[in-house]
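*Asks:* Residues per chain are reported as follows:
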Amino acid sequence: MSAQPKSLFEKVWDAHAVRTLANGQTQLLIGTHLIHEVTSPQAFGMLRDLGLKVAFPHRTFATVDHIVPTNELVEPYKDNLAQAMMDELRKNCAQFGVTFFDRASGKQGIVHIVGPEQGITQPGTTIACGDSHTSTHGAFGAIAFGIGTSQVRDVLATQTMALGALKVRRIEVNGKLRPGVYAKDVILHIIRLTGVNGGTGFAYEYAGSTFDGFSMEERMTVCNMSIEGGARVGYVNPDETTFAYLKGRPYSPTGAAWDAAVARWRSFASDAGCRYDDVMVIDAADIAPSVTWGINPGQGISINENIPSPETALSDDDRAGIIEALAYMKLPAGQPIKGTKINVAFLGSCTNGRLSDFQEVAKYIQGRKVAPGVRAIAVPGSQIVALQCEKLGLDKILAEAGFEWRAAGCSMCLAMNPDKLIGDELCASSSNRNFKGRQGSITGRTVLMSPVMVAAAAVTGVVADAREVFAVN
Amino acid sequence: MALAKITSVSGRGVYVPGNDIDTDRIIPARFMKCVVFDGLGEFLFYDVRHTPEGVPTGHPIDKPEHKGATVLLSGANFGCGSSREHAPQAIHKAGFRAVIAENFAEIFFGNSTTLGIPCVNATREDIAKVAAAIEANPALEITVDVAAREVRFGGDKIAITQRESARDALVNGRWDAIGDLIDGLPAVQATAARLPYMAVA
Chain E
44 MSAQPKSLFE KVWDAHAVRT LANGQTQLLI GTHLIHEVTS PQAFGMLRDL
94 GLKVAFPHRT FATVDHIVPT NELVEPYKDN LAQAMMDELR KNCAQFGVTF
144 FDRASGKQGI VHIVGPEQGI TQPGTTIACG DSHTSTHGAF GAIAFGIGTS
194 QVRDVLATQT MALGALKVRR IEVNGKLRPG VYAKDVILHI IRLTGVNGGT
244 GFAYEYAGST FDGFSMEERM TVCNMSIEGG ARVGYVNPDE TTFAYLKGRP
294 YSPTGAAWDA AVARWRSFAS DAGCRYDDVM VIDAADIAPS VTWGINPGQG
344 ISINENIPSP ETALSDDDRA GIIEALAYMK LPAGQPIKGT KINVAFLGSC
394 TNGRLSDFQE VAKYIQGRKV APGVRAIAVP GSQIVALQCE KLGLDKILAE
444 AGFEWRAAGC SMCLAMNPDK LIGDELCASS SNRNFKGRQG SITGRTVLMS
494 PVMVAAAAVT GVVADAREVF AVN
Chain A
115 MALAKITSVS GRGVYVPGND IDTDRIIPAR FMKCVVFDGL GEFLFYDVRH
165 TPEGVPTGHP IDKPEHKGAT VLLSGANFGC GSSREHAPQA IHKAGFRAVI
215 AENFAEIFFG NSTTLGIPCV NATREDIAKV AAAIEANPAL EITVDVAARE
265 VRFGGDKIAI TQRESARDAL VNGRWDAIGD LIDGLPAVQA TAARLPYMAV
315 A
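So the protein lines, in turn, are chains E and A.
Under my numbering, the first residue of the first sequence carries the number 44, and numbering increases by one thereafter.
Under my numbering, the first residue of the second sequence carries the number 115, and numbering increases by one thereafter.
No lab work stands behind these hints, which were simulated from the structure alone.
Don't take each hint at face value.
[Claimed, not checked] One-sided excerpt, in silico: chain A residues whose CB lies under 7 Å from chain E:
| hint | residue |
| --- | --- |
| 1 | Asp136 |
| 2 | Lys147 |
| 3 | Asn191 |
| 4 | Ala301 |
[To be verified] Straight-line distance between alpha carbons at most 25 Å, and here's what the computed DSS-like set of lysine-lysine pairs gives:
| hint | chain 1 | residue 1 | chain 2 | residue 2 |
| --- | --- | --- | --- | --- |
| 5 | E | Lys406 | E | Lys384 |
| 6 | E | Lys463 | A | Lys147 |
| 7 | A | Lys147 | E | Lys134 |
[To be verified] Derived list of chain E stretches under chain A, where covered just means 3 residues or more per stretch with a C-beta under 8 Å from a C-beta of chain A:
| hint | stretch |
| --- | --- |
| 8 | 62 to 70 |
| 9 | 117 to 128 |
| 10 | 356 to 370 |
| 11 | 474 to 485 |
All values derive from a computational prediction rather than experimental measurement.
A virtual CB, placed ideally from N, CA and C, is assigned to each residue, including glycine.
Whenever a hint applies, use it, and build me the whole structure from the sequences.
*Replies:* Here it is, written out as structure tokens:
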């Protein structure tokens, strides 16, 4: 045991480093490439212009998620531009020999939900996708990068990209979360502590007993929002929970290859005593149900805190940020966020659009009704999630409560399909971004929270503490 | 593939103040419903340049005195959020050839460099100094000298910093890595052969 202890990041990086480029960056092999309709068409166009092929078509997987309508299943879609993107992806996949999880396959969904549920997302691998929430896949102990379209071209053409190594920050959360506190609250809490750019230049290693006890879906929720704190990559070391999730999935190894894969996957976990560039330690008991009040995911508070006021700002920047956010959000400085009227409730997205999210909501919302005047939609993250929910009757419980049960897609997280806020509607949302205009109206307002908090807001018509609304204890 | 050596960018500047300007703000998602990048320039910052009714708000980039500006200045954490390359594409297609900010979000920085748009860091005080000079004389020529790590304007100059790999790539004409990556394909095959999951099932 003379070898220097290494982090998972270093091990995966070393295993995939092809060579050093002239500018000092590494040519890094990207084992798994996930693509979708929004950021890939121009990349395929560039391939055609350069007369290139897809280097490893068997390692590229496509689905359609951002633009698909969730209440219109038959093509052609009413939106010609959406249909054109759909057609383009279909054509590109056929021409370049890429597997496409189209709606007809029954496996379509948000790309960050499809990869894991198919068993494509595996430990010790590198993954890239033209989407910043690719960090989700890090939940499996993969190093997963969100990339731009030119890099999508690079990965299609060479299965590699040029990158500089990242620093590694270990974020340890220890202890048991209090009742009514979820993985979403953990990541909102972390981002509040670090700010939206505190993670720039880092890969995050999430660890500690809280993460050890988390399901894969909870780990995915946290890794998903790494980028909202500026970290391009976030991961959890693979363990028995990871392997149990992957066993028997369509792309998981089988037989003797399974045992070999598990042994190999295990070997990628960070070594005890490895060096980290930074360490943060958080006590799970300090985390409360969280909501955002502003226009970036770092502008969050716990449900029982007051909306910040410019007078209590910690710096000039903070003050300017508060003033800008409150003006946009039309929220009163220094007042409780609890009781803020909502117009829309959105359940779904790559952050919180999985089976366990809908199960948890159904558990509490059964027998309750969405408040009058609130538009509520529930959008499963994939066709498989939809089916799982429907088998358990969760769709009926949600529909009975007043949520419209929709087809799979990104939907109102970024409103590239017809699901949009109107005017300055305020949305209680289980998604990941509360940027100005994010949910499809240039004056629309987003309050990020966990799915159960969305349910509590939906039934009361105001931002509420789910622990009180549903008597959680 | 011979690429231009981008050692410096000169032109008029425009200052768009603010921190954490995200890529949704740079190019709202609805304008990404396209299969080519052409035409994105006119939608740069669209929702802050227009009221909900479509009336221009008098955004800095729309001011007549800033028309034709090629150097964009802004605050901290510029380009955070979504990985959409549509953001630097829109900036480029709107005519900008360099961005000066306190710092940049990582994916945006990489996307911009790959398009040959230098993203350089300067201190808040120095950015304010350049912004004040532009305000006093919008026709002032700003030179972002990537090679010399400075920005010159009027008789004045400020220091800039930039990640060395990006600076090297720009000044040596290798900011778009595709050629180098293709040259490495035999080595890629060798690396892939060592990884069981890369095998054809």
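*Asks:* All hints are to be evaluated individually against the structure, with a verdict given for each.
*Replies:* Results for each hint:
1. Asp136: holds (5 Å)
2. Lys147: Given a least distance of 4 Å, the restraint on Lys147 (chain A) holds.
3. Asn191: Given a least distance of 4 Å, the restraint on Asn191 (chain A) holds.
4. Ala301: Cβ of Ala301 (chain A) sits 5 Å from chain E, so the hint holds.
5. E:Lys406 with E:Lys384: Cα-Cα ~24 Å, so holds.
6. E:Lys463 with A:Lys147: Holds, at about 15 Å.
7. A:Lys147 with E:Lys134: holds (17 Å)
8. 62 to 70: The restraint on the stretch 62 to 70 of chain E holds, since 7 of its residues have a Cβ under 8 Å from chain A and three suffice.
9. 117 to 128: holds (count 5)
10. 356 to 370: holds (count 4)
11. 474 to 485: As far as the stretch 474 to 485 of chain E goes, the hint holds, because 8 residues have Cβ atoms under 8 Å from chain A.
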